[in-house]
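Novice: Here is how the chains run, residue by residue.
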Amino acid sequence: AQKITQTQPGMFVQEKEAVTLDCTYDTSDPSYGLFWYKQPSSGEMIFLIYQGSYDQQNATEGRYSLNFQKARKSANLVISASQLGDSAMYFCAMREGLEEGRRALTFGSGTRLQVQP
Amino acid sequence: GAVVSQHPSWVICKSGTSVKIECRSLDFQATTMFWYRQFPKQSLMLMATSNEGSKATYEQGVEKDKFLINHASLTLSTLTVTSAHPEDSSFYICSAELGLTVYNNEQFFGPGTRLTVL
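Quick note, the sequences are listed as chains R and Y, same order.
So for the first sequence, my numbering puts the first residue at 1; every next one is plus one.
So for the second sequence, my numbering puts the first residue at 1; every next one is plus one.
Chain R on its own, in the form it takes in the complex:
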């Protein structure tokens, strides 16, 4: 079974509008972290936001917020006031467990966001 599922291969949004990128995850581990990364065409992975499984409040970082619904195992990324520079590939990722060597990330298939003027 997929550990991270991103069901939107591509999304369009008008400049200055908000957009939600979906992410659901699957884990039986009570301790985990959820990440969102942006990957522009240059290929670098740009960290956007992090949510820990024990965090009580939804994470926010500037125009990015994470809609964390633990019971539904979803961690959707909300980008407010989209900008042309937001056009990129977006990956949701999860890190499970506390043990040594389990800190690698498992990535979803990604969503390509295109912001239109």
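If you're looking for bench data, these hints aren't it; they were derived computationally from the structure.
Being a predicted model, the structure only gives us computed values, none of them experimental.
Treat the hints with caution; some may be incorrect.
Unchecked claim - Keeping only pairs whose Cα atoms sit at most 35 Å apart, straight-line, the calculated DSBU-like set for lysine-lysine is: (1) R:K73 x Y:K41; (2) Y:K20 x Y:K55; (3) Y:K41 x R:K70; (4) Y:K64 x R:K3.
Start from chain R and add chain Y according to the hints.
Specialist: Here is chain Y on its own, set in the frame of chain R:
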């Protein structure tokens, strides 16, 4: 924030040759580094976990004799693709872990190395 560099940023080689990719943590010590591979229009897939001073741990399906990993110091891990073939053409990205705790975002990615095997 912490910086991770990779060298080279891109490389083109002939089939059958070996290619070494370096991953360095520039301003912190990384006991653990991770190597990922990303084929065009696909996601990142973990290849191996590199631990300083010990053997790397490879993911299922990744040939350890083909993808040699050496983590000789707390700031450098190298991935050598031996006897490269066109199907090894991919984007290779490393990441380094800053701390020992899980409850934070202490993992930083390098800019990636694009390998093309002719």
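Novice: Would the hint linking K73 of chain R and K41 of chain Y be met if the CA-CA limit is 35 Å?
Specialist: holds, 26 Å
Novice: Quickly compare the C-alpha distance for K64 of chain Y and K3 of chain R to 35 Å and report which way the hint goes.
Specialist: The given pair, whose Cα atoms are some 25 Å apart, holds under the 35 Å limit.
Novice: Take the C-alpha atoms of K41 of chain Y and K70 of chain R, compute the straight-line distance between them, and say whether it is at most 35 Å.
Specialist: Distance of about 29 Å is within 35 Å: holds.
Novice: Holds or violated: are the alpha carbons of K20 of chain Y and K55 of chain Y at most 35 Å from each other?
Specialist: The hint holds at about 17 Å.
Hint compliance for this structure: no hint is broken.
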